[in-house]
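Number of protein chains: 4
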Amino acid sequence: MADIGIGILGGGYMGKAHSVAMAAVGAVFNTALRPRLEMICASTPESAERYRAAYGFARATDDWRELVNDPKVDAIVIATPQSTHRAIAEVAFALGKPVLCEKPMGADLTDAAAMTEAAEAAGVANMVAYNYIRTPASQYARALIAEGAIGEITWFRGEHTEDFLANPDAPANWRTEGMANGTMGDLAPHMINAALALIGPLDSLVAELETVHHTRPGGTVTNDDHGQIMCRFANGTMGHMFFSRIATGRKMGYAYEVTGTKGAIRFDQEDQNAIWLYKSEGPEAERGFRKILTGPAHPDYEPFCQGPGHGTGYQDQIIIEARDFLQAIHTGQPVWPTFRDGLDVARVIDTALTSAQSRSWQTIPKG
Amino acid sequence: MADIGIGILGGGYMGKAHSVAMAAVGAVFNTALRPRLEMICASTPESAERYRAAYGFARATDDWRELVNDPKVDAIVIATPQSTHRAIAEVAFALGKPVLCEKPMGADLTDAAAMTEAAEAAGVANMVAYNYIRTPASQYARALIAEGAIGEITWFRGEHTEDFLANPDAPANWRTEGMANGTMGDLAPHMINAALALIGPLDSLVAELETVHHTRPGGTVTNDDHGQIMCRFANGTMGHMFFSRIATGRKMGYAYEVTGTKGAIRFDQEDQNAIWLYKSEGPEAERGFRKILTGPAHPDYEPFCQGPGHGTGYQDQIIIEARDFLQAIHTGQPVWPTFRDGLDVARVIDTALTSAQSRSWQTIPKG
Amino acid sequence: MADIGIGILGGGYMGKAHSVAMAAVGAVFNTALRPRLEMICASTPESAERYRAAYGFARATDDWRELVNDPKVDAIVIATPQSTHRAIAEVAFALGKPVLCEKPMGADLTDAAAMTEAAEAAGVANMVAYNYIRTPASQYARALIAEGAIGEITWFRGEHTEDFLANPDAPANWRTEGMANGTMGDLAPHMINAALALIGPLDSLVAELETVHHTRPGGTVTNDDHGQIMCRFANGTMGHMFFSRIATGRKMGYAYEVTGTKGAIRFDQEDQNAIWLYKSEGPEAERGFRKILTGPAHPDYEPFCQGPGHGTGYQDQIIIEARDFLQAIHTGQPVWPTFRDGLDVARVIDTALTSAQSRSWQTIPKG
Amino acid sequence: MADIGIGILGGGYMGKAHSVAMAAVGAVFNTALRPRLEMICASTPESAERYRAAYGFARATDDWRELVNDPKVDAIVIATPQSTHRAIAEVAFALGKPVLCEKPMGADLTDAAAMTEAAEAAGVANMVAYNYIRTPASQYARALIAEGAIGEITWFRGEHTEDFLANPDAPANWRTEGMANGTMGDLAPHMINAALALIGPLDSLVAELETVHHTRPGGTVTNDDHGQIMCRFANGTMGHMFFSRIATGRKMGYAYEVTGTKGAIRFDQEDQNAIWLYKSEGPEAERGFRKILTGPAHPDYEPFCQGPGHGTGYQDQIIIEARDFLQAIHTGQPVWPTFRDGLDVARVIDTALTSAQSRSWQTIPKG
Ligand SMILES: NC(=O)C1=CN([C@@H]2O[C@H](COP(=O)(O)OP(=O)(O)OC[C@H]3O[C@@H](n4cnc5c(N)ncnc54)[C@H](O)[C@@H]3O)[C@@H](O)[C@H]2O)C=CC1
Ligand SMILES: NC(=O)C1=CN([C@@H]2O[C@H](COP(=O)(O)OP(=O)(O)OC[C@H]3O[C@@H](n4cnc5c(N)ncnc54)[C@H](O)[C@@H]3O)[C@@H](O)[C@H]2O)C=CC1
Ligand SMILES: NC(=O)C1=CN([C@@H]2O[C@H](COP(=O)(O)OP(=O)(O)OC[C@H]3O[C@@H](n4cnc5c(N)ncnc54)[C@H](O)[C@@H]3O)[C@@H](O)[C@H]2O)C=CC1
Ligand SMILES: NC(=O)C1=CN([C@@H]2O[C@H](COP(=O)(O)OP(=O)(O)OC[C@H]3O[C@@H](n4cnc5c(N)ncnc54)[C@H](O)[C@@H]3O)[C@@H](O)[C@H]2O)C=CC1
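Protein chains in written order, with UniProt numbering: chain L, 1 to 367; chain D, 1 to 367; chain B, 1 to 367; chain C, 1 to 367.
Quick caveat, the hints were computed from the structure, so don't treat them as lab data.
Remember, it's a predicted structure, so these values are computed and weren't measured experimentally.
Treat each hint with caution, since some may be false.
[To be verified] DEER-style ranges, computed between Cβ atoms:
1. L:Ser358 to B:Gly282: 45 to 53 Å
2. D:Ala143 to B:Glu117: 49 to 57 Å
3. D:Asn235 to L:Arg359: 15 to 23 Å
4. B:Glu46 to L:Pro283: 48 to 56 Å
5. B:Gly282 to D:Pro217: 27 to 35 Å
[To be verified] Facing chain D, according to a computed beta carbon distance under 7 Å, are these residues of chain C, among others:
6. Phe289
7. Arg290
8. Lys291
9. His298
[Claimed, not checked] Interface residues of chain C toward chain D, partial, derived using beta-carbon atoms under 10 Å:
10. Arg142
11. Ala143
12. Leu144
13. Ala274
14. Ile275
15. Leu277
16. Tyr278
17. Lys279
18. Glu284
19. Ala285
20. Glu286
21. Ile292
22. Ala297
23. Pro308
24. Trp336
Here a beta-carbon is modelled for each residue, glycine too, at the ideal position from N, C-alpha and C.
Bound-form chain L, shown alone (with noise of 0.2 Å):
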């Protein structure tokens, strides 16, 4: 059992889910390699203090440099703004260090496509933290998929929407401007992953955005609230998907049903310990959607708790996507998904930028 030493930019939101996770990975997980929380990094020497106080690191410092090249760092943690992730990511890369980046993987398609060649000519590990994706229920919702017990796919319906914005007297802030800020820029990424994951590659779409509320409190709004997406999979599937930051009621709407010709299976991530599968056996007067609570019999429950229904939570899928970095990290093996993977999604999003402005159908390029 070695220990390695990570390093954390950002102690924000996703800076603190991931120094938890590192704090927890190990005793949740008996990995191989143990976490030992080495540096973190935020804007200011008081904030990057009161992160490595309040979360258990050694070090702090306001230097994402200073961090990615201490030589006690030996991986890379990027929980800072998306505008940020590229170039630290490359310098990470050009030392070696493996990277896990917070989605999106930078600011937009050239970003990602820079950072994914910089990964691949390091040849280290490297990932992009798509969590909801981990929860026991999605991975079993993909497993339930790949091996056909829904038979073949016939249609997809993904969302990904939640209200923080959906109060017009809300204020402009840096979420408000930016096209990596806005709704298909940072909440999409998520679903589109997790389509992608679920039926496969994407062939065409046509999307629509919408900026709802022009101006806020305190200044203009530069990017889109919601959007849309229909859409069609290579392997035939018909689909759609709805983003939303002003989903009013939503809090964390990421949600999907997928229907085939032999079942179908429902999730909602604000109820993220169950999962509804129908099938189309037995009697019809037995047929219906039932509430599956996941448990020890599904993908990554058992190691936090034996009982089932019991239920995991949010934090929890950070520590799984822990430990995959860690793994990917020991065995040397890619863990879905890389920044390759990670880049599909980038492309995505990019032609149904380039969709919404022409108002057309656009074939999504290939990789």
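For this one, chain L is given, so just place chains D, B and C with the ligands on it according to the hints.
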């Protein structure tokens, strides 16, 4: 309390529903006009006579012209296949007889336009049978939206999904032939009508249709299994609709969600006695979608039951419809949805077909 | 197809429901006997006449004896308050006329016993109006349990909860006086009848009753607001029942869960078109309660609608009841629940009152 | 920020959960005391060493006295079987070491009383590990009730139901022997503790226990499979509780409903991130149970995630528990539930056993 002679064309699924409704409506709603089940028509003398005896009509015929012309038949209900609607309606209107016509209005936009013209020329009661929008829950949803309970509407998502052809081995039949019997012709009208009622007129759309199972035992399928529409309403609301007859697991998936700046509404016909309402009011900690059970406080519920939560069903919608039709006849005032309203639905469908073929956004022509 | 003259006593909540049912049942079920709405009775000539006109009866009276004795009245439906049931039924049976009697059978066990004796002496059709157990869902639940689909039954929990007197400021009225109108007298019978139907005869129980709000505007409350029973069925099943008219938030809380060694069933009347079934079959990972929507595959559904998931409602239960009553008359075969079955319910209630007073376990006397 | 040496007894289901919690709690809650995983104990040297390595402890032992006496072990967590709790706790308290003890406190009321005495004599932090009541949802339910949000409480129904022994062919094991391991000993304490926390002290009860499956492969069953209690709280609330380990289909059925004069609350641990609240406020037509998703507005949620509806899980409850234990140690102030609170639970259970045997109502002895 005057009685009125009712003639019903068709004795199948809907012919029966209308017969029962006409038998019950007087007692339920204490209507001014009291239906007398005068004559029923079906394709053969034998079936017509069988329906007559079963539903309690005075007379039967296999000739729809005989029924329409019969002097004791004061009002007509058309519950035969779509291809027959136009001819019957035109004759009825020429005789000055009121018509309640099953959806969709005819086989296509041309039919619908001609039927509307005939109805308006006759100047008698004319109504299209969109029953689902008449549940206490959906009537209440309309009222809530209209009175601004959820603020400005920003998003509409609707679906009408069933699975009666989900099994690829289900044989070809009349339903699998002709656009009027496909999903866009047969199921979409209900939800499009709902969208227009809940949100308002549509401005533009981009649509996609698909025949998933091209051949079935006994023949080739010539119409669509499922389809979807991205759309924009005249009031600016962004929207999406999905229609399917192969939605495995869905039995009566007439469902919608409406998001506003101050709240949201969700409804699913599979639980037709509940409506989900979210309001951005009160302390954050107490907010959530509330499941409201319909009761005497909601439209058209009390005549069916004095107890809240006791529930109404499919047949009750047809009874409400019968009440509305009788009232239109009695008062001489049109009751929504008239043939002109039905024409609006037909126009959306026609535009969707054009859009799907041209794979492009299309503006819905003005009425 | 013979017609049969129906006389209904009471034109209120249930008087109306039975009137509508008698108007509709022929068309719905193609019954051999066709009801003719002959006469209706209410407490005053004015109200009787009003009901007559509204529901479509031929004649009206305010004298129940006149109705019962009328030669054109072939069958009687009692929908007046509990205190009147016995006298009416006894006269009707003495005349050899079939009776459908609203629950509870009379004001107490003595009434119920006398009424059963009268019914059996007359040898004509007699039935107690337990409508809720007649939904397609609950009929299906009975069938599933009877055929062993969920194994040996180990646990039953039932409730009948509403909130019409939850507000302490709701005024005193006839409902708040007399044990027959209290929760145990008025609401409990439905669920006790269900328990006997689903599981079988009861062996013993310990009960508790409570008047929570002793005074209300306008008077003193002399009966129970809520009550509960722990019980043991003759087949060994352990059980519990709860009844309340002050169950804030509950509108039609007729709900039960039945646990067996191989599965479980859950039902709630507030979503009467769904039944939840769990079976201990197949891989653990795929197990869960499935929400089955009623449809043509379930008992007595198809006559109301050919489409699954389209739903039946409260009024439809009364129509099913009318069908059963007509059938009992037509065939001369008793249809469950007869007065004797209703007597079993009355016996349980009577034992519960004894138990609550003595605060002790009691054995239910054999019938 | 001082560190504190933690010794955990038991490395199984709960031993692991407490280990992970102690590893994570500092980073999650920025605790004043920071746990150091000092020593773990299990029944054999091999298993102890395996747990040590897996969870990241410094040292391991198979002798609980060694752990308790170790000078570097500052605080004790007891996660061994119930029969061992008392002896361990007594030694720990004699040494003046704080103890967090898994439920139930010991094997019976005698144990619980002795342990409480020892705890209070020592005057150090002592806490019983009732984790479920620590979810944000249940903490919020307690607060709502306490502040009168649903008025005067009139009814409480609770259950703790699982199905791990539902299969009659599941073999006999230690769980099927000894009252402390039966349903009343093992599962009931959680819900009784919840009842006391939500409503207040119990006054009296009548209970029933049953061993449904007397023999199982490998042996005879000597404890109860399920049981129920009708009860009355000191504040007058009527109540019922049900406990089962054979509740087929139920995985984590820790569920309760609380009815008040102005509202009601429902909760089910199987969907632990939602709480259902009904308030008798506003227009009748808008009333309904609202499904509130926990978020930063609810107790102890934000440290786990800044986004509402993102959800916490089983492990997070144990982390909250660890925070409370550390806080009790740090501040010297008792944190609920102390051993004395646990003794109240034991007293209810003991009374229930007496009641079940005597088949009579019993008053719970005062503490
Ligand atoms: N996977 C998921 O569920 C979520 C992912 N995210 C992603 O995580 C990333 C971080 O977002 P949040 O944690 O919400 O942001 P945040 O605003 O809560 O925290 C950002 C942190 O980055 C630090 N930072 C900013 N610029 C820096 C710089 N130049 N050098 C060093 N430190 C700097 C700040 O001091 C702060 O500690 C984003 O890419 C976002 O898209 C965010 C929320 C949820
Ligand atoms: N509102 C709703 O929920 C529903 C509406 N519909 C609509 O109702 C209409 C009827 O559909 P279903 O009742 O399902 O059909 P069905 O096949 O069950 O019954 C059709 C009836 O029309 C009669 N018929 C057919 N051609 C005729 C002719 N030329 N002359 C006289 N009678 C003729 C047949 O004998 C049969 O009695 C269609 O327009 C359909 O779209 C159907 C089902 C549900
Ligand atoms: N199965 C079910 O779901 C329900 C059953 N019930 C039962 O139905 C029965 C009637 O209750 P509701 O309809 O709610 O009462 P209601 O108060 O609405 O109507 C009672 C009717 O009886 C008439 N009436 C009263 N005394 C009479 C007399 N001496 N002679 C002639 N007419 C008289 C009144 O004029 C009135 O028309 C009761 O036994 C009640 O328990 C009531 C509601 C629901
Ligand atoms: N709060 C909750 O949700 C739960 C609480 N529990 C409680 O936790 C306690 C432990 O139960 P589990 O973890 O399920 O048991 P387990 O069987 O999974 O683990 C018991 C552990 O105790 C050790 N052990 C047993 N006897 C010992 C001895 N004499 N000396 C040293 N170590 C010994 C074993 O080696 C094993 O590591 C029980 O009191 C149980 O009631 C159990 C499950 C859930």
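Against the structure, the hints:
no. : hint                             : in the structure
1   : L:Ser358 to B:Gly282: 45 to 53 Å : holds, 49 Å
2   : D:Ala143 to B:Glu117: 49 to 57 Å : holds, 53 Å
3   : D:Asn235 to L:Arg359: 15 to 23 Å : holds, 20 Å
4   : B:Glu46 to L:Pro283: 48 to 56 Å  : holds, 54 Å
5   : B:Gly282 to D:Pro217: 27 to 35 Å : holds, 29 Å
6   : Phe289                           : holds, 5 Å
7   : Arg290                           : holds, 4 Å
8   : Lys291                           : holds, 5 Å
9   : His298                           : holds, 6 Å
10  : Arg142                           : violated, 13 Å
11  : Ala143                           : holds, 9 Å
12  : Leu144                           : holds, 8 Å
13  : Ala274                           : holds, 8 Å
14  : Ile275                           : holds, 8 Å
15  : Leu277                           : holds, 7 Å
16  : Tyr278                           : holds, 8 Å
17  : Lys279                           : holds, 8 Å
18  : Glu284                           : holds, 4 Å
19  : Ala285                           : holds, 4 Å
20  : Glu286                           : holds, 6 Å
21  : Ile292                           : holds, 4 Å
22  : Ala297                           : holds, 4 Å
23  : Pro308                           : holds, 8 Å
24  : Trp336                           : violated, 21 Å
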